[in-house]
Amino acid sequence: MKLVVALIKPHRLDDVKEQLREAGVTGLTSIEAQGFGRQRGHTEIYRGAEYQVDFVPKVQIEVLADDEQVQLVVDVIMRAARTGKIGDGKIWVIPVEQVYRIRTGEMGPDAV
Amino acid sequence: MPPTRVTPVTQDLASSLRALDAEPLAGRSGVELASRRAEAFDLAITAGLAPLEGMALVAIGGYGRSEMAPGSDIDLLLVHEPGLEAGAEEVFAGVLYPLWNAGIRVGHSVRTVEQCRAESMAHLDALTALLDARLLAGEPALAEQARTAAAGIVHEDPAEFVDGLRMWRIERRARAGALAESQEPDLKEALGGLRDLHLLGWLAALEAHELLRPSERRWAGAALDYFLLVRTALHRRAAGSSNSVVADQQPAIADALGVVGEESWESRDVLMRTLFEHGRRANAVATAVLERAARAVGSTSRHELHAEATEAVLLSAFELFARVAHEGGMPAVEELDRVEALVPSEPPATWPPGSVEAFVTMLASGEGGVEALEWLDALGFLPAVLPEWRGVRGRPQRDPYHRYPADVHLLRTAAEMALLLYRPDEPFAAEAAAQIEDVRAPLFGGVLHDIGKVGRGSHLVEGERIAAGAVRRIGLDEAVADDVLFLVREHLLLSDTATRRNLQDEDLILRVAARIGNPRRLAMLYLLTMADAAATGPSASTPWRVALVRELTGKVGRAFDRGLMDPGQAGRLAQAEAAIRGALGSEPPARVERFLAMMPPGYLLWAHPHEALGHLGLIDPPPAPDEVRHVVQQGRAPGTRLLVVGARDRLGLLAALAGAMTLSRLSILTAQAFTTEEGLAVDAFDVRLAAGDLAGPIDDARWVRFEREAREALDDLPAVAERIRRLRSHYRSPVADVPVHVHTDDEASDFFSVVEVGAPDRIGLLFDLTRTFASHGVDVHSAKVATYGPRVVDVFYVTVAGEKLRGEASALEEALARAGAEP
Numbered sequence: 001m002k003l004v005v006a007l008i009k010p011h012r013l014d015d016v017k018e019q020l021r022e023a024g025v026t027g028l029t030s031i032e033a034q035g036f037g038r039q040r041g042h043t044e045i046y047r048g049a050e051y052q053v054d055f056v057p058k059v060q061i062e063v064l065a066d067d068e069q070v071q072l073v074v075d076v077i078m079r080a081a082r083t084g085k086i087g088d089g090k091i092w093v094i095p096v097e098q099v100y101r102i103r104t105g106e107m108g109p110d111a112v
Numbered sequence: 001m002p003p004t005r006v007t008p009v010t011q012d013l014a015s016s017l018r019a020l021d022a023e024p025l026a027g028r029s030g031v032e033l034a035s036r037r038a039e040a041f042d043l044a045i046t047a048g049l050a051p052l053e054g055m056a057l058v059a060i061g062g063y064g065r066s067e068m069a070p071g072s073d074i075d076l077l078l079v080h081e082p083g084l085e086a087g088a089e090e091v092f093a094g095v096l097y098p099l100w101n102a103g104i105r106v107g108h109s110v111r112t113v114e115q116c117r118a119e120s121m122a123h124l125d126a127l128t129a130l131l132d133a134r135l136l137a138g139e140p141a142l143a144e145q146a147r148t149a150a151a152g153i154v155h156e157d158p159a160e161f162v163d164g165l166r167m168w169r170i171e172r173r174a175r176a177g178a179l180a181e182s183q184e185p186d187l188k189e190a191l192g193g194l195r196d197l198h199l200l201g202w203l204a205a206l207e208a209h210e211l212l213r214p215s216e217r218r219w220a221g222a223a224l225d226y227f228l229l230v231r232t233a234l235h236r237r238a239a240g241s242s243n244s245v246v247a248d249q250q251p252a253i254a255d256a257l258g259v260v261g262e263e264s265w266e267s268r269d270v271l272m273r274t275l276f277e278h279g280r281r282a283n284a285v286a287t288a289v290l291e292r293a294a295r296a297v298g299s300t301s302r303h304e305l306h307a308e309a310t311e312a313v314l315l316s317a318f319e320l321f322a323r324v325a326h327e328g329g330m331p332a333v334e335e336l337d338r339v340e341a342l343v344p345s346e347p348p349a350t351w352p353p354g355s356v357e358a359f360v361t362m363l364a365s366g367e368g369g370v371e372a373l374e375w376l377d378a379l380g381f382l383p384a385v386l387p388e389w390r391g392v393r394g395r396p397q398r399d400p401y402h403r404y405p406a407d408v409h410l411l412r413t414a415a416e417m418a419l420l421l422y423r424p425d426e427p428f429a430a431e432a433a434a435q436i437e438d439v440r441a442p443l444f445g446g447v448l449h450d451i452g453k454v455g456r457g458s459h460l461v462e463g464e465r466i467a468a469g470a471v472r473r474i475g476l477d478e479a480v481a482d483d484v485l486f487l488v489r490e491h492l493l494l495s496d497t498a499t500r501r502n503l504q505d506e507d508l509i510l511r512v513a514a515r516i517g518n519p520r521r522l523a524m525l526y527l528l529t530m531a532d533a534a535a536t537g538p539s540a541s542t543p544w545r546v547a548l549v550r551e552l553t554g555k556v557g558r559a560f561d562r563g564l565m566d567p568g569q570a571g572r573l574a575q576a577e578a579a580i581r582g583a584l585g586s587e588p589p590a591r592v593e594r595f596l597a598m599m600p601p602g603y604l605l606w607a608h609p610h611e612a613l614g615h616l617g618l619i620d621p622p623p624a625p626d627e628v629r630h631v632v633q634q635g636r637a638p639g640t641r642l643l644v645v646g647a648r649d650r651l652g653l654l655a656a657l658a659g660a661m662t663l664s665r666l667s668i669l670t671a672q673a674f675t676t677e678e679g680l681a682v683d684a685f686d687v688r689l690a691a692g693d694l695a696g697p698i699d700d701a702r703w704v705r706f707e708r709e710a711r712e713a714l715d716d717l718p719a720v721a722e723r724i725r726r727l728r729s730h731y732r733s734p735v736a737d738v739p740v741h742v743h744t745d746d747e748a749s750d751f752f753s754v755v756e757v758g759a760p761d762r763i764g765l766l767f768d769l770t771r772t773f774a775s776h777g778v779d780v781h782s783a784k785v786a787t788y789g790p791r792v793v794d795v796f797y798v799t800v801a802g803e804k805l806r807g808e809a810s811a812l813e814e815a816l817a818r819a820g821a822e823p
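Line by line, the protein sequences are chains S and Z.
Going by the working numbering, the first sequence opens with residue 1, and the numbers climb by one from there.
Going by the working numbering, the second sequence opens with residue 1, and the numbers climb by one from there.
If the Cβ cut is set under 7 Å, some of the chain Z residues that face chain S in the computed set are:
#  : residue
1  : P427
2  : F428
3  : R500
4  : R501
5  : N502
6  : T542
7  : L548
8  : R550
9  : T553
10 : A801
11 : G802
12 : E803
Derived from the structure by calculation, the hints contain no laboratory data.
Here a beta-carbon is modelled for each residue, glycine too, at the ideal position from N, C-alpha and C.
The shape of chain Z in the complex, shown without the other chains:
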């Protein structure tokens, strides 16, 4: 009967482990802690064990390597001579039960040497576990035979062994990703994690020369030590065996390790950056070593690349890695040594000629480019020649969207951009890519767009500042550099606007078009938006977001195509806005910016800066529902006054104002109606005293009367219509030979039907036309009214319930024609 109680031996083990777990971790060696943990197990397992004859008790796998963390299980193998099965089982029971009773998870197997060999032939993991075998007790020769059996399998078919490890890495990449690319990395399984470091040990069985460069051996040793230390802290915290460094645990692990924060880097960020640096190097080493091993054993391998002889260190390194990116080869060992030895201690002020082209080749090579740049980073070359990269290097991103740390996100965005430029998989991207002749701006825009994520301030503002330094150092042409800075500054414009703003608002579309400036930049920005989303994570590139971004892009594109916005207009708009901002200098800045953001581009281009102060008060604070505010200013034409009215927009507002002016004996020469997205109307009329009017001067009393009439008209439009009809009977009929025409254009705008009415000028004409719109339920969003002698041409931008006219158009046109033709 096997023992079922806790033995003194396991009690000793428990107290040893408790003591180990109480030791501080700051400044410690992970390898040493893991090894001491293994020693505690060794002692517990071998203490009191009777001498083993014809048997060997062997630690395999992680326990064999003496890499024990608090949550690690142990794997034991009892190798025995043939015919000793029963005795071996009995010995093993004596070892295992105390461990099980103490709650320790033990993997175990009892095998002869031949069975070890058969198992290792069948399963790669059994083979590698045996390569790590370490004798605990019993006959050393048996343990050595078992290990030699494993090594023999490797020697029999080294190519199969190497290829098996390469496949295993591909499978791990699919399952656990890469350590340096994951915000919550799996320390063990991810590429660049512990498994890749174990692999280096297993390859020793090949007995091939110089698989590891000296610095790679140092990198691997440092990475192993750090990973084991972090793993110890993680297991202590989480009381489990998970190897994922989840976000919740990162601050506590950083504390436990005594990691100290730096400027703009919290301690947990420093922890993750260090992990990422080790992970990137371990990944590079494992990749390179497996390729070298494949070449050594005659398996298919990537070809070796040698650098062209050149005096410029930077150019030589870039050209070498441009070929890595483009051709898919691997740099030869001596080339890696050379590049590493030539890492400059001071960053170059400008990159030598030809470097940009080599760098562009890397960026344009998609996944190959990512690998090349990760090599340059691992070698320390990238941060040395592009110090602007240091702020994002290994920086975790803590939001629900980002899957990758900042630097990986940038590299992946550039790779996605290359795909969109050279192999677009959707029609909008294909159209955008076709408009771009010079790929430098979109590629550099992709790799630099988040360069401002440095842990302080707005990443757009910081980004433009940092990117400006980067493009100077890189030596980009001024025009390309301008485009890159534009992309960095505006990379969120399309996605933010599309998901948060009203895309039915033409003014918004025009403002976006003005910020973008021209169709080429729109094309680049669309591609960057898509590449950025794809490189961010699944929640950033949902069909929902993509649909909204495409809607916005299409509308802005048509604003350019229709000539509603071009660089000249964008410049004029920016100037007009600046001039109005200057003229409002006496007002609180927040109020001024609110007003400028609210007013449509049409208003900004129309208003004279000195008039704006008068207009500000018309809508800020917003008028009450029945309130009509007005201001009277110098008219645009000689002898006229400019009457500007502010009110809440509503169906019939323009009709009520036109009617009130008619009743106040004011003749309307021109009218401009503006509506804000907030539903406030600013309507401006160039007016003069009606012809032949005897009602007195155009003075304050007349404006007071206008405002009273307007309020009444808003209450009762039909009463105004009747009064105007009576008034008209006192005036002569309009000139008879001016024809009436009404035309509706649905193609001129994405947002409005544009209705043009030409008619003979007469008193109350604008009132009748606008009232006709109101009675058909048609909103007038903006209007331009012009008088040419006896003829009036009025253009109205209208909607019904926010949409263009549909079935209503013909009835409306007929009614407008009747109104225009009335005597």
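Next comes chain S alone, as it looks inside the complex:
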């Protein structure tokens, strides 16, 4: 099992969610995230007022996936989150030792 973690642009979340659902993914966690990569911070200006924005708002999503399902999940996220522009984000995959479903006690792929 793997944990697929993706940092995406906030406005892509709905499409990513929808397309993952269509691809048969039944669960997803999303978290408001802020950070910087190559897309650095910037200054927001509203008339005379300025804000230095050091971190760019992103959405982090996490999907638990069977080993066989991982590439599909990555492909779907990649396709749905891509705008072709700077700041589209990143995906990384982490090995998961064990998964349990609290309600039933199921574990492993059954709990995904």
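Guided by the hints, dock chain Z onto chain S, whose structure is given.
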């Protein structure tokens, strides 16, 4: 050895309690049930108890008040004469062990009267528990001495007692909030909960006159009865002693109490509304009574306010509470009686002159204003004079964001708005507040923005309808009323757009700017968005959301500052959209709306309505990746044709189309390139037959040829370049005295670098320029191409990977200048 088995007495108690717990709750009195539960305990504890000499067994705290719920523990005090400690301990063991063995939690203490007094001096909770003392067995005189000792402490320093209770309320507010403000209220500890009703009883020890108005006494009695009933249902359901009416339990409690739903109110909503009403009144009573008590005992207290004499009931009440909000005083008892007695049975069609100003004072007073309006609500005055308020009054909100019921959220939003207007704590808010001269619209917008949360339909649509009635009744000027309705209608625009849409999309920014209309309204909407988020709860005002809202606000603000959108343009855009919608009347509405939402504002302003039907099919359904669709329409200039092409946008698309036109012997007079956020391009060219061309008429065959050439060009741009180079050799060179200039402007737009190229007109010029962009990896988002006699001025809005040009600009400018200067 104390007994360790279950005695017949506790068996009887267990069966009595089981029988009590099986009784239905609908229509019952909470006080009576709680009292009967206490009686069952009384019986179990005193049955078989040997006569107590020199001792008194006393129930204290909640048990002393006979307010027992299924999860309540019991508190016992054995008061004894000095020297009887050992005997008292033995008696107590006989009482306590059977109860413990039966699983009942018992708090207990063994004290002399003097020890009771010392303990009560040291701890406020010991003092108040003793004030509720009730004799169970033993010598009445001893019990009375203990109680009198407690009352004596109150009499010795009544101000300290009252101040201690006021501090205790502040501490409870911090810990448990206010009952009427919490979606999952704590029935006991929250302000306006059971503790505030107990407090009224303890203040009786002051023996001060008329601390409670008659209606306040009724309110307190009704609240106690309801709270105890709900608490009984809650403890039965949850099998515990928690007093929090959590959301999961609310439907079952409503069922157990036989609460019946109403139109647009589920039964659990009616339950919570009733709790909130009692809680608000109990809170008001406790606050007022403590202030009166403080005045009676000479402690620091809020000053008493009297109303100015006026014939207008509503105005008089509003002015009184405007002073409560502004000065922080408390209305005098007789004023509260008067206001309550004058609650109108029918709402006024319009508020009398001066009322708006008084109401604005309340709204502008922050927390003081919330308190004033909660008083008016508790007195029944607010819903009577503003019936539009009734739909949100005490309405729970069931989503992960909202901390408060709908009415409290509205009052708190107005308070947050006042803070932002008068004491902004961040630069954007300060800038926005500085643009607002008339605070009426933002304050009324704050207090009415969610007035449409009435349990049916979209709360934005309902809200505008209900708010329209409210602003008429209130009597706001037309301009202020318009602003208020705008705020109600659009209060989610900034936060929804910021968190869900692509803020790099200029078209989106322009559409938002068009909906807002002008910088003043943007300023009001920004403040409302911030006030709303702050009054909603922590998850609605995260730095993440706030950062996105600020980004959007800044961009929309600059769209106004740059003149990209103003009320005139917004009006023209709305008209253009309506005209196109009308012209597409034969199409399914969903398809039309999809198209209108997709097309940039620039397109809507450019397209003639009768042309739109032809354009719709170019991108709906979306073309395949290698597909090029076209439509030919009447040209904009005499003797020209309008060639409009739909395709998926890609690097080099515009170059391929320009090249295909050149190879089809079409001369481009003007060009407009539009790109949707979905990555579809609609490019329009005003064309005519190339000068001196001998290749035949401008007919269907030429368009078929164009489409073929375009597909080939998308496959192989260099081949097109070579063919155009050969073609150009047959034509004469352009006019030599037209200078070539290239200029890049990075300040004109938040989203694009704007590249302007002036050059002598020649065959294939647009192709060469657009191909130069493509070879530098530069996307052309939109373009305006104009021909002025021998001179062409082309303006391109471009990006690289979605960003403005950076290091690429100078190399690109040089390459464009070379292309423009080619013979």
